[in-house]
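With these hints in hand, go ahead and build the complete structure from the sequences.
Residue numbers (this note's numbering), protein chains in the order written: chain A, 525 to 709; chain B, 9 to 238.
Since the hints were derived computationally from the structure, they do not count as laboratory data.
As the structure is a prediction and not an experimental result, all values here were calculated from the model.
Where is the CB? At the ideal position from N, CA and C, for every residue including glycine.
Hints are supplied without guarantee of correctness; some may be wrong.
[To be verified] If we take Cβ atoms under 7 Å as the criterion, some of the chain B residues that face chain A in the derived model are:
no., residue
1, D20
2, M47
3, T79
4, V203
Each chain is listed here by its residues.
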Amino acid sequence: MDGAGADAPAEELLGLVATGDQRAFARLYDQVAGRVLAVATRVLRDRAQAEEVTQEAFVEAWRTAARFDPARGSALAWILTITHRRAVDRVRAEQAGTRRERAVAAPGREYDEVAEAVVAVDERRQVRRCLDALSGVQREAITLAYWGGHTYREVAAQLNLGLPAVKSRMRDGLLRLKECLAVAR
Amino acid sequence: MSHELTAAYALDAVDDTERREMEAHLATCTDCVTEIAEMRETLGLWAAAEVEPVEPPAYLRQAVLARIAETSQSAEVFRTPLPRRRYAYAGAAAAAVVVLALVGVLIGQQVRLRDQRTRADDIAAVLAAPDAQLHTAPATGGGQVNVVVSPSLSRAVVTLRDLPSAPGKSYQMWLVRDGEAGSAGVLEGTSADGVQLIDHVIEATDFGLTKEPAGGSAAPTPPMLVDIKL
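Quick look at the structure:
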């Protein structure tokens, strides 16, 4: 018998994955792979590399599922954390290898098109509104770091800020984003 | 000094040395662990809403499932450092629960909207899948049921034609796994014509269709109008 229904929450599935349940893993994959691949693609701007990172992230999630603590957060955010870190590691390795200057965090055209197609979606707009609640510098600092894969030192240089300033913009921005998203509920 | 770097660390915006320093620091700093967990939860929610989910190719699913099947798991369990101040920890935990609930709601909404938008694409993907198999059978009482299954996508497209309308009743689809039937969806209205997309078909042995009291049932009411071996 299956340990969980087809629509079981991702947290429950991840708990089963920690016991070696491959079926639960397949279901978890089906629930979140679309967003994992999307986040990796947006950071890496390269579909083939994003698929590799997606694969690495899911294997890491399988390997370390016992470390997931549901009291600390959602399974999706946990997997996206793994994904983002691996994607950023690749960006850095690529930069070190080629010294190629990456485009800044402005999304590529395909994402703009997709974003336009869903602009009417209310909850997405709510998240955007929360982003708008940040100051311009807070927003830029978070976006450059998260989607651009830049270190805070690089972000400081791009925004002409000192290191303490950029650290506090990131921190204040994230805290404000958290509060706005909680209030939006 | 590590306290100032929590946000940059949560954003993966620190270098390798700083990352190691922060991770060493986290072993003793409950507040930092909580703050970073909340930041990552926030970032996960934000990032998930910022991107449009991408339909992963079937070969990626196969590759991932094949790799985990031969990858052993780490027994290391996440250990929360003991809180130095219990009241602070309790407040942070409560905040984490609020964020967690919000994430669940937003993600649920996003998934529903995405389902509507991409249903047509999903159906096309099943029909075009290299491993798609067609099963067809007449239904007891009239009508025709076709099921196209793609094991690699773990999805099926069901087409129902010319089934008699059933006033006051609903048609309900079932998937049988390990000898037990689970609902695969209740059709709207009293007729059963149209196209249905079913998820999580993997490991199902049979597809069934029954007439149920309006709104559907928890278990199938005999007789099965059709029983297709998958």
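What are the numbers of the hints that this structure violates, sorted from low to high?
4
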